[in-house]
Amino acid sequence: MFENIDTTILTQIEESLKGNQNRDVVKISLPVNELNKVGVRNAINAKYDAEIIDGNLFIKFDGGVKERIHRRIANSCEAQKPEWFTEVNMICMVRNSQLRPDVGIWFRTPTHAQMIEPIANFCPPPDIWIENPISPNPHPGSTITSATSQIIRPYRAPYVIYWDLNGNLIYYIMDWNLNLTLRC
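Take the sequence shown: its letters are residues 4 to 187, numbered as in my numbering.
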């Protein structure tokens, strides 16, 4: 399937991953001109749970427990809004970055071509993006607190947006120790 792909890229990835499988995410810097090729991206995604952000390759090592949580979230969303397209770990494109939300919910189903070949056909990002953060807790043992709302859009991610009963956008900056209870 990927016989025309230069195997040196895959070999370089394998070398970078040696000794790093116990980490949640491994960042690998590769030549940008190689990562911009659709065939290279497809070959990488056939073998790894990968994202490409700003020319850097990120390999995720999600275990069965995390995948189980993702599937339960997706099942819950599908039960509440069956007309929405909900998928776990589906590739989407944002500009030239290739992203893979843990759970994505699209209000409008991507086209068949976008679902089958998401890189080549630029599958859009989901309307609702659920992601387990990759930054570790800097203060283990600290208590988790509720996130505080604000009406101004944060300048950096991660944050959550929702519409209140009056149609106003409400923003919550999310961090390692913050939680938000959503009622649908």
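Don't read these hints as lab results, they were simulated from the structure. Incorrect hints may appear among the rest.
[What the hints assert, rightly or not] In the BS3-like style, the derived pairs of lysine-lysine whose C-alpha atoms are separated by at most 30 Å in a straight line are:
1. 50 x 69
2. 21 x 50
3. 84 x 21
4. 69 x 21
5. 21 x 40
6. 30 x 63
7. 50 x 63
8. 69 x 84
9. 30 x 84
10. 40 x 30
11. 63 x 40
12. 84 x 63
13. 40 x 50
14. 50 x 30
[Stated by the list, open to error] Taking CB as the label site, the calculated pair distances span:
15. 11 x 114: 18 to 24 Å
16. 34 x 173: 23 to 29 Å
17. 35 x 171: 24 to 30 Å
Where is the CB? At the ideal position from N, CA and C, for every residue including glycine.
Here is how each hint holds up against the structure:
no., hint, verdict
1, 50 x 69, "holds (19 Å)"
2, 21 x 50, "holds (15 Å)"
3, 84 x 21, "violated (42 Å)"
4, 69 x 21, "holds (22 Å)"
5, 21 x 40, "holds (25 Å)"
6, 30 x 63, "holds (9 Å)"
7, 50 x 63, "holds (12 Å)"
8, 69 x 84, "holds (23 Å)"
9, 30 x 84, "violated (35 Å)"
10, 40 x 30, "holds (19 Å)"
11, 63 x 40, "holds (21 Å)"
12, 84 x 63, "holds (29 Å)"
13, 40 x 50, "holds (16 Å)"
14, 50 x 30, "holds (16 Å)"
15, 11 x 114: 18 to 24 Å, "violated (34 Å)"
16, 34 x 173: 23 to 29 Å, "violated (42 Å)"
17, 35 x 171: 24 to 30 Å, "violated (41 Å)"
In this structure, the hints that do not hold are numbers 3, 9, 15, 16 and 17, in rising order.
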